[in-house]
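Enquirer: Following the hints, put chain P in place on chain W, whose structure we already have.
Listed here are the chains, written in short residue letters.
Number of protein chains: 2
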Amino acid sequence: MKTLVICSGGLDSVSLAHKIAAEHELTGLLSFDYGQRHKKELGFAAACGERLNVPHRIIDIGEIGRSLSGSALTDDLDVPDGHYAEETMRVTVVPNRNAIMLAIAFGVAAAQKADAVATAVHGGDHFIYPDCRPGFIDAFQTMQRHALDGYADITLYAPYVNISKADIVTDGAKHNTPFAETWSCYKGGARHCGRCGTCVERREAFHLAGIDDPTDYEDREYWLEAVRTGSERQNG
Amino acid sequence: MKTLVICSGGLDSVSLAHKIAAEHELTGLLSFDYGQRHKKELGFAAACGERLNVPHRIIDIGEIGRSLSGSALTDDLDVPDGHYAEETMRVTVVPNRNAIMLAIAFGVAAAQKADAVATAVHGGDHFIYPDCRPGFIDAFQTMQRHALDGYADITLYAPYVNISKADIVTDGAKHNTPFAETWSCYKGGARHCGRCGTCVERREAFHLAGIDDPTDYEDREYWLEAVRTGSERQNG
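Line by line, the protein sequences give chains W and P.
All you need for the working numbering is the position in the first sequence, starting with 1, plus 703.
All you need for the working numbering is the position in the second sequence, starting with 1, plus 703.
If we strip away everything but chain W, and leave its shape as in the complex, we get (with noise of 0.2 Å):
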């Protein structure tokens, strides 16, 4: 199955690209620039496109990304730290990221003749992101076999779609996934805060896959008062 994996140059996509290219045949690699603060990320896409062989492609989305605003991905709102609660998550949402980013994946992939197009959304992120939940890859599916009724027969691929993100380094270890040369960090500094939502969450993940955190935090411990004082939040 030629597959093109969308990347983000995240930990989650990363292993993604590393299982599929184990599992499948990779075509290439497809990154997103929507304006987003941190493109840090889109270089260690491109480094795993590198080491993976196959092309790395960025496509600008910028001007969408500014016709989205309202998000602390993209605006100048400040990026919550703490766990991923709703009340802090809900900031980060760039409208109908997903579908577009899809969508346009989608276009290159039949433009390219390939099979399917791999995407890392996962079950930790049905909570508050719509467009990460089962439900929706399959609508999307849907969607797709009409646009393209013959034209183009592409399978949306999501092999994450039902699992947690501990379960993702669990995959990507055993894909000789280098968790260093991903990066998450909404906040894009020289090293991982250890703060922010995504940090706390990488940081989590590593734990409960009892799997060895390579990542330099600036602040390695803040992850378990984050998660004491999520759990408490949610359970009273």
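Do not take every clue at face value.
Copies of one chain are not kept apart here, so a pair can be met inside one copy or by any two copies together.
Distance condition first, Cα-Cα at most 25 Å in a straight line; then the derived SDA-like pairs of lysine to any residue [what the hints assert, rightly or not]:
#1 Lys743 - Glu766
#2 Lys890 - Asp919
#3 Lys816 - Ile831
#4 Lys742 - Pro917
#5 Lys742 - Glu766
#6 Lys890 - Ala814
#7 Lys742 - Asp763
#8 Lys742 - Gly765
No lab work stands behind these hints: they were computed from the structure.
Expert: Relative to the frame of chain W, chain P by itself:
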């Protein structure tokens, strides 16, 4: 219903904008510049926005267009003359174009808190373009309900999806659409060529609607021959 209209500057989408302005609350026009050779059309969309007193935004998706090469709309293949017969039309298809444009429009509509996105896809396009068929429109709406669940509830409004271009001319006339201020020709010259697929289709639609065609064609009578040849080809 606060409605954002996807408007290329063509006859169909300008008629749609006038319809929405008359029947709903038109909040703006959205055009896409996907590297098409007939950018001239976009000027007619801008003029429509001024006439109806709403903002007109052009989103540049040219880089996406370049990634989706293989279509006469964006590369150096010749645009075919003649009626919209399948063999000549396939060359004008940009893979997944409608899905991409609609997904972006839904993102913009969500950011602007609009209630609906309106598109001028019509029945005459069903035969060739799978992403203009009612099944696609329904599937796209379902996908968007999942994608924006809990954030926005946006309707995909496609009032022309089951009617012909001739019916659109009739509807446009009802809402005082200034047809001379719309552009169809794929060749993008100073005047409508009268010979390409869209010119022939346009000329025929006015004829079938029994409404005077104010368009300035270089070759005003070519359409009759093309329609006759097309019918003969279909019948024999």
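Enquirer: When no copy is named, should Lys742 and Glu766 be tagged within, between, both, or neither for a Cα gap of at most 25 Å?
Expert: both (15 Å within a copy, 18 Å between copies)
Enquirer: 25 Å Cα cut-off: does Lys742 pair with Pro917 within a copy, between copies, both or neither?
Expert: Classified as within: same-chain Cα gap 21 Å, cross-chain 51 Å, threshold 25 Å.
Enquirer: I want to check one pair: Lys742 and Gly765. Are their C-alpha atoms no more than 25 Å apart within a copy, between two copies, both, or neither?
Expert: Both: 12 Å inside a copy, 21 Å across copies.
Enquirer: As a check of your reading, is Lys816 near Ile831 (CA-CA no more than 25 Å) within one copy, between copies, both or neither?
Expert: Between copies only: 19 Å across chains, 34 Å inside a chain, cut-off 25 Å.
Enquirer: With 25 Å as the alpha-carbon cut-off, assign the pair Lys743 and Glu766 to within, between, both or neither.
Expert: both (19 Å within a copy, 21 Å between copies)
Enquirer: Measure nothing new, just compare the shortest in-copy and cross-copy C-alpha distances for Lys890 and Ala814 to 25 Å and report within, between, both or neither.
Expert: between (35 Å within a copy, 23 Å between copies)
Enquirer: Regarding Lys742 and Asp763, is the shortest C-alpha distance of 25 Å or less found within a copy, between copies, in both, or in neither?
Expert: Both, since 11 Å and 20 Å are each at most 25 Å.
Enquirer: State whether the alpha carbon distance between Lys890 and Asp919 is at most 25 Å within one copy, between copies, both, or neither.
Expert: Result: close within a single copy only, 14 Å intra versus 56 Å inter.
Consistency with the previously given hints is maintained throughout, with no hint failing.
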